[in-house]
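Colleague: Reminder that position 3 of the sequence shown reads as 3 in my numbering, one-by-one numbering, no gaps.
No wet-lab data here; the hints were simulated from the structure.
Hints may contain errors.
Said to hold, decoys possible - Here are the computed distance ranges between Cβ atoms for each label pair:
| hint | residue 1 | residue 2 | range |
| --- | --- | --- | --- |
| 1 | HIS77 | LEU7 | 31 to 41 Å |
| 2 | PRO79 | ASN3 | 22 to 32 Å |
| 3 | LYS78 | ASN16 | 12 to 22 Å |
| 4 | LYS60 | GLY36 | 16 to 26 Å |
| 5 | GLU82 | ASN3 | 40 to 50 Å |
| 6 | GLU82 | CYS29 | 16 to 26 Å |
| 7 | HIS47 | ASN6 | 18 to 28 Å |
| 8 | GLN80 | ASN15 | 41 to 51 Å |
| 9 | GLN57 | ILE4 | 36 to 46 Å |
| 10 | TRP13 | GLU46 | 21 to 31 Å |
| 11 | PHE33 | GLN80 | 16 to 26 Å |
| 12 | ASN2 | CYS29 | 15 to 25 Å |
| 13 | LYS78 | ALA8 | 35 to 45 Å |
To be verified - In silico DMTMM-like pairs for lysine to aspartate or glutamate, Cα to Cα no more than 20 Å straight-line:
| hint | residue 1 | residue 2 |
| --- | --- | --- |
| 14 | LYS62 | GLU46 |
| 15 | LYS78 | GLU68 |
| 16 | LYS67 | ASP56 |
| 17 | LYS78 | GLU46 |
This one's a predicted model, so the numbers in the text were calculated from it and none came from an experiment.
Note that beta-carbon positions come from the ideal geometry of N, C-alpha and C, so glycine has one too.
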Amino acid sequence: ENNINNLAINSYWKNNKQVRFEKGYYNNCVGCFNRGAMFLNKMAQEHGNKLQWFKDQEIKTKNTFRKEFNYTQIMNHKPQIEIDFEDFSSCDSGYCGL
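Let the hints inform the model, and build the full structure from the sequences given.
Modeller: Written as structure tokens, this is what we have:
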């Protein structure tokens, strides 16, 4: 529809490594399945509507993005202590060169 394809996206990120997101823990995918469960839960608290898409896809396809957990579990989990985004490392945020 808008003529943006995989090659254009890969080229953009290859040539724009200096791009930084508003907050250090963000990347271009709020619900990135490469992130840990606790980090995704924190993202669900802040961006529930965006994580809902991942949950809906798992329900619709009767499959999961990860074998260890699903997005329904992520969104329903109630942490026992308050966690702040600064408590996570860059690996938790999905960076780590992924």
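Colleague: Hint numbers the structure violates, sorted upward?
Modeller: 2, 3, 9, 14
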